[in-house]
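Engineer: Chains as they are written, first to last, in my numbering: chain L, 256 to 585; chain R, 77 to 495; chain V, 69 to 308; chain B, 7 to 275; chain S, 331 to 623.
Hints in this document: simulated from the structure, not taken from any laboratory. Any given hint might turn out to be false.
[Unchecked claim] No farther apart than 27 Å at their CA atoms in a straight line, the calculated lysine-lysine pairs in the DSSO-like style are these:
#1 Lys213(B) <-> Lys283(V)
#2 Lys170(R) <-> Lys154(R)
#3 Lys391(R) <-> Lys404(R)
#4 Lys296(R) <-> Lys492(R)
#5 Lys213(B) <-> Lys60(B)
#6 Lys213(B) <-> Lys298(V)
#7 Lys484(R) <-> Lys474(R)
#8 Lys149(B) <-> Lys257(L)
#9 Lys217(R) <-> Lys193(R)
[Stated by the list, open to error] From chain L, some residues computed to sit far from chain B (all C-beta separations above 10 Å):
#10 Leu258
#11 Leu434
#12 Thr529
#13 Val540
Note that the structure is predicted; figures quoted are calculated from it, not measured. All residues carry an ideal CB built from backbone N, CA and C; glycine is no exception.
Here's the letter readout for the chains.
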Amino acid sequence: MKLRTVFPIVMLGLFLVLPIVVREGFYLDLLLFTFMYAAMSVGWDIMGGLAGYVSLGHVGFFGLGSYVAGLLVVHFGIPVFLSAPFVGILAGIVGAGLGWISLRARGTSFVIVTLTFTYVIQLVALNLRDITGGSSGLYLPLLTLPADVVILPFYYGMLVLLVVAILVSLAIRRSKFGLGLVAIREEEGKADGSGVNTSLYKILAFAISVSFAGVAGALHAQYLNYVDPDLAFELIITLNLIIMCLVGSRGTLWGPVLGAFLVQPLSQYLIYLTPSGIAGQVHLVALGVVLVLVVMFMPDGIITTWTSRRGGRGRARPVDAPERLPEAAT
Amino acid sequence: AGAATPSPAASAAASVAASVAASAAASAASSGPSASPSAACAIPPCDQPIVIGVSQALTGDKSDPGTAIEHGYQVWIKEVNDAGGLLGRKLVLKEYDNQSLADTAVSQIERLVTVDKVDLLFGPFSSALTIPTSAVAEKYKMAFIEGAGGAPGVFQRNFHYTFFVQPATAEHQADPFVAYLLALPADQRPASAAYPQQDDPFVKATEDGAQKALEAAGIKTVYHDVYPPTQTDFASIAAAVKASGAEVVLGGTIFNDAVAQVQAYASINYQPKAVYFTSGPGTVGAYKQALGSKVNGTMTGDGWVQTSIEPGNAKFVADYLAMFPAEKDIPGEAAEGYSVGQVLQAAVLGTQSLDNTKIADWLHANSVQTVQGNIGWDAVGRPNGSYLLEQYQGGQMKVVAPSADPNKNADPVYPKPKW
Amino acid sequence: MLLEIEGLCAGYGSGGDILRGVDLSLAEGDFVCLIGPNGAGKSTLLRAISGILRPRRGTIRFDGTDVAGLRPDLLFRRGIAHVPQGRSTFPQMTVHENLLMGAYSIRDRGLARERLEVAAAFFPIVVEQANRRAGLLSGGEQKQVEMARAIVTSPRLMLLDEPTLGLEPRASRTVMAKMRELNEHGVTILLVEQNARTGLGTARTGCVMELGTIKLRGEGQRLLDDPQVKRLYLGESAAV
Amino acid sequence: MTALPASAAAVGPGSAADAEMAARDPSTSLAVSGIDKSFGGIQALTDCSLAVRKGSITALIGPNGSGKTTLFNCITGFYEPDRGRVYVRGVPITGRRPSDIVHLGVMRTFQVTRIFRRMTVLENMIVPVRQLTLRALFTAAIKGHERDRAEALLEFVGLQDLRHEQAGSLSFGQQKLLELGAALMAEPEIVLLDEPAGGLNPVMIEKIAGYVRELNGRGVTFLIIEHNMGFVMNLCDPVIVMHRGTVIAQGSPAAVREDPIVLDAYLGD
Amino acid sequence: MNPQLLGQSIVLGILTGGVYALMASGLTLIFGVMRVVNVAHAAMIVMSAYLSWMLYRTLGLDPLLSIIVLMPVFFVLGALGQWVVLRRLGGRDLTLTVLVSFGFAIILEGLQGSLWSSSFQAINTAYSLDSFNILGIYVPLVRLLAAGAALALLGALFVVLSRTNLGRAIRATTQDPRSAALVGVNVEYVTTLAFGLGVAMAAAGGPLLGMLFAFYPATHWLWIGKLLAVVVLGGLGSLKGTFVAAMILGLAEQVATVTISLDWAPLVFYLFLFGVLIVRPRGLFGTVARESL
Ligand SMILES: Nc1ncnc2c1ncn2[C@@H]1O[C@H](COP(=O)(O)OP(=O)(O)OP(=O)(O)O)[C@@H](O)[C@H]1O
Ligand SMILES: Nc1ncnc2c1ncn2[C@@H]1O[C@H](COP(=O)(O)OP(=O)(O)OP(=O)(O)O)[C@@H](O)[C@H]1O
Ligand SMILES: [Mg+2]
Ligand SMILES: [Mg+2]
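Chain L with its partners taken away, still in its complex shape (with noise of 0.2 Å):
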């Protein structure tokens, strides 16, 4: 077996038993939420990386789980990790509905409405005070474990989540589905006129893309037993998923994952290692000058830059815009 196939085998193994070794729980905190990016990031690259459409809306998803496991568990009594897929499923079928409204309009279109539906849903979160608690938000039953097990659901629940993103974009990538996604990257109108149904591809992918932020919004609503407009719609969330596949590189499977590991837990230290009185300032300036040094210098992320170093072929070579100027952009 090849390196390529033996190493994530082992990954998981090793996060499998992980937590029988390290038993701080704020280790295991912060690979859960290492876990969480990287199923998020996966998932955002279906539609970010290989279908071009750039959305700025992952974090509405992830705040609609929020919202929905939220609201099972506190008025029917269902749990979360029960309810959990099928928040993923209902955040797919309402991402096809936004996907409907807004892939009508191509490219920046998409970029804005993806936006303006996170500010959308989060006033429907507030204003819907008697469903949703407004801005008190809702308030979840604990679970009643052991101080120190409380954490693992959560744990292998992300890791979950994690590995069924990965075999799930892995699928996509070697279908014709997602070869169909590249197409309509590349030109949409000519992908049309092969046979490859747009719309319906644009749509589906944009259903699975995010209804991983939707499992990831109702687990996380549950490990913080708690959810509230400002909480569950952090555009900082939907920020750190772009940032992870562009560094880790877009359009691949593993350039994501790898953009989530390296990302969350540097982002995360940076915070304790600078005086606390401006952690937060320094915080979003580094993630600010990170973004844009990437973009300047490495833009193709480091699993493609890498490869095209070492002399990959074909798909993996960088991007375009090999002459001098470009030609317009349509």
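Starting from the structure of chain L, add chains R, V, B and S with the ligands where the hints point.
Structural biologist: Chains R, V, B and S with the ligands in isolation, oriented as in the chain L frame:
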């Protein structure tokens, strides 16, 4: 950090001793001798400091009040350390900036408890951060003494380890104002009220409480609307409030919206008889700077005023001003932070231990004298005191009610002067 | 010599050389037609001359000075105009504005107006459709607009990459005729044309390009009659 | 040209009614009846009707801007006609999306090439799909026989050595060839080519003409827009002439070439 | 419904819409010219608001006059940003430019936070609260001035873009940089100029924002949502569309505030956007490219 405080160390110890003595003496330990700086170290290891963990909103949208609370913590720590420490050990604050983000705050509490293994915990600013973090504290059975999470939700989950250090919860903040209005002679009593309010859990609790009471007394609600925390344009709101003809405005505000409401009312010449804001006017310095003479007549409710005659307040004010010489008006949140320290100190001394379960049990059974007054807690950590009614008069913040309160230093002006 | 190219090598990105030592010179008033199979590097050569593509090695002398590596707008100001293959109109601007862009670097207003009139006389479509957005025109119509714009610029050296592509036969004939006319007025022309019979028939000189070098050069009519050229580049039948 | 008036000489254009009749005739592959299409005041197609006989190589010629490409766009679902109908093998397809029409076996190329620039040449070849089933969606992107077919087609258009290159780096002519190859990948029954010879080397044009003939022999129907008269006259029969958004003449190449209306509108000076 | 209140909100809506239009114009310009969705635009506006606030507090410079000072400064900064960063991305896809500007947005936010803390600020001048009463409708002076300034600047921008040689060159460069270079346009120079201009428009918006609304470092997220909605609704890249959309949304928002409810009013903004996109995906004044020739 080593700057000498003008007040002698002995007086700090004395005030601590006084506060402990003043608290209900349910626990025999409360009269213990350890309060004196010379006392031997009560629990080993004595050469190691006691570490208090905090995840605070030092940056991000809650950074201003977050920082103010943090200043309160610092003033308290310095006082205690100058007086020889707590149980003979120095205090150290282990503090992380949570950027006003709840996930980060939760991770940080996890880190403080499991990696840094701090001895004690303080709470962050605002209910939204207190709610998720208090659950972590509860999980690890750590006493979670907090000065700024008073929304009903904080107490909904019946936590044993959470304690809110303000005189009362949000529902009761406007009680003195309501009482004042209802006590007015019938011919002066307003007939209608408007409730423009921000969507915020703390505000909502206050406004709902006040509205219910006023309606019950026959004061008609002619305007009630909720705007998002992000609202920055108040022109139309002001127009609508004015059109409603409300005689009294109960603005459910935080800070900026209080300022913006005043400006918007003034710019369309709307002159209600009384204006009460839930928060905002209490941040005296900034509020005065933003509105100048337009502050006069505005009322608000608060747990603390700089001029308070509560035991220990004079010292707190002096120490604070010495430590932060750039500030003239002390934000109320700093007093809340300071009170948190006072409460913890009382409990540690009361139990003579750093055992968090004992501390929590002690707090449920006792009350503590703080700069915000004497505060005790029910089974879920709700305090049992009451707020003050304040009004700006001649550019100064005065306490105008309740009449029984020793802090009262002026009579209310009604109707308020024009903007 | 107006244009002298020696040992020119150029390529794209990190890829290998596409032009592998091109030698070509054009005297003032020349009219050269470049033919060759698809992918031979004809367009690449024109791009290198007009500065869109930075040459890697070799020299390009225009009017006696070395201009290799200059920016396209600077080369344009020296008198090199390039009408690239495919689309190059400004799609959201009107046809009229497209022509005005041709006159962008002409300071003299009167001269600009005069040139616009000349172009309009060559291609009536630019008057008929003056206020439509160029991007909405049909393929051939757009090509006509591009040619008209090139005429407005009225350069010393004109690089034309398949100007008749997509043109109806009549317009195609017009373009060829106008090129001769321009050439007679002193404009030097380097034309790339797949429709080799027409191209070689119109130009004075022909060049055959293959695999990034110039293989053959000769008088247009002579090349047309050359059986080798005929077999490799013109096709047996009269299919064209 | 079934059912439309016999095509001896340049006859008048078929009316919408004729086209409707033709559409129901099983020997008609493609019929367009009475299509109008305008773009904010510009009438690109006016009552345009035509029918393409099954197994024919039909040419569509006409001056620039006469609406040929617009007609292609209406047939293949890129534009929705304002009025009128389009039939493929008798099935009305007006208003369907482009991919649906591909699934009916109609493939097209574009006048200005449109390729997937950052996909390899080979990947470009395997994008076209003839049907939409969930299974097909989630099966491997490239299967053995597909690959063989793609390689064979690339060999034919002379791009086999470039199969792992990014398609965006091909020369103009190479892109045209790639597009043609990709269009044929999905084994279409009706192929619409928009200026296939434009920008191609004459030797290659001949080769393509030969291949079109060969495919036609195997039953594939072609409708070809072309300005290259040599190509049209040698390869196509019948020839349909458009002018100002309608069909003005149709018939055999010889007949069309002599038709004074056509000479006036298109071919003559 | 109280007709006077409705009239009041309509007046406010029109005036506010004018300011929205100005704030969105730079965004439209930069998108129109460079196909860059400048997510940092609102952060730039807020930055300019802070600077204007500082100028007013320290030097007593009137915010409206500070526009004249800030525009050139921002122009230079914008041009610099384009020259140093964006130029390197020439021709790259949308994602990257969105991300770079995202990066700039949070850098600006972080800087503002560390320089001026995260509290709300507002520029209050002597005439801040003045208003006049016309037929019982109050017209706040500042809003009137702001709308006037917005209109003047927008008009100037429009003339520059549509009537001058430079404006044409800017538009040509957007649409096809290669062809623009081939007719003698110095593409880098023109793009840099255009980006500088777009950023300068942000600078113009800042003082107006500061006078009308409170601001704090994170406010830019709210504004960028609104401004992008304006730009999309108007039809990406169309200045005329931006103006009309800003007016519509400004009005809709103010009227909804008094007729529907405060908390749902912001939704009107977005629902309008979604609705229009469903019926007309390219927005009000958007043009469709003819893709398939
Ligand atoms: N942008 C590009 N990036 C990389 N390689 C390119 C690029 N453009 C062209 N090439 C390569 O350069 C070679 C020559 O291309 P060029 O366009 O110059 O050919 P041409 O002679 O003009 O052909 P045609 O007649 O088809 O237009 C081709 O093999 C092509 O693959
Ligand atoms: N999307 C569109 N928007 C506006 N006008 C259009 C559009 N598509 C086509 N037209 C107009 O319709 C007319 C016919 O164009 P079409 O492309 O069909 O011509 P054509 O016959 O293919 O010409 P050519 O031989 O030059 O390719 C032209 O006037 C063109 O401007
Ligand atoms: Mg070429
Ligand atoms: Mg055409």
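Engineer: Would you mind marking each hint as holding or not holding in the structure?
Structural biologist: Hint check:
1. Lys213(B) <-> Lys283(V): Holds: Lys213(B) and Lys283(V) sit about 23 Å apart, inside 27 Å.
2. Lys170(R) <-> Lys154(R): holds (14 Å)
3. Lys391(R) <-> Lys404(R): holds (15 Å)
4. Lys296(R) <-> Lys492(R): holds (20 Å)
5. Lys213(B) <-> Lys60(B): The hint holds at about 23 Å.
6. Lys213(B) <-> Lys298(V): holds (15 Å)
7. Lys484(R) <-> Lys474(R): OK: Lys484(R) and Lys474(R) at ~8 Å, within 27 Å.
8. Lys149(B) <-> Lys257(L): Judged against 27 Å, a Cα distance of about 23 Å means the pair holds.
9. Lys217(R) <-> Lys193(R): holds (13 Å)
10. Leu258: Holds, since 23 Å exceeds 10 Å.
11. Leu434: violated (4 Å)
12. Thr529: holds (40 Å)
13. Val540: Fine: 33 Å to the nearest Cβ keeps Val540(L) off the interface.
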